[in-house]
Amino acid sequence: MARRLFVERGYDNTTVRRIGRDANVGLGTVFAEVADKRALLFLCFNAELQTVLDGALKKSSAT
Numbered sequence: 001m002a003r004r005l006f007v008e009r010g011y012d013n014t015t016v017r018r019i020g021r022d023a024n025v026g027l028g029t030v031f032a033e034v035a036d037k038r039a040l041l042f043l044c045f046n047a048e049l050q051t052v053l054d055g056a057l058k059k060s061s062a063t
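Going by my numbering, the first residue of the sequence shown is number 1, and it counts up by one from there.
Rather than coming from a laboratory, the hints here were simulated on the basis of the structure.
Hints should not be assumed to be uniformly reliable.
Distance condition first, Cα-Cα at most 25 Å in a straight line; then the derived SDA-like pairs of lysine to any residue [said to hold, decoys possible]:
{"hint": "1", "residue 1": "Lys-37", "residue 2": "Val-7"}
{"hint": "2", "residue 1": "Lys-59", "residue 2": "Phe-45"}
{"hint": "3", "residue 1": "Lys-37", "residue 2": "Phe-6"}
{"hint": "4", "residue 1": "Lys-37", "residue 2": "Arg-18"}
{"hint": "5", "residue 1": "Lys-37", "residue 2": "Thr-15"}
{"hint": "6", "residue 1": "Lys-59", "residue 2": "Asn-46"}
{"hint": "7", "residue 1": "Lys-37", "residue 2": "Asp-12"}
Since we're looking at a predicted model, the values are computed, not measured.
Sequences and hints are given; from them, build the entire structure.
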């Protein structure tokens, strides 16, 4: 959810409140998982990077 909002609205125009609302969770739930919006962006970045790396490794091992 956060990744989609960051892509669609941009980092500066995406609030943690909006992320929580779109994910159907309370603000406290979001902050129980991450310290702030920057940490959430970092988690999104890491997840995307892991997806790319997994794909590259899978492709590499298939050859």
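message: Which constraints among the numbered hints does this structure fail? Numbers only, ascending.
response: Violated: none.
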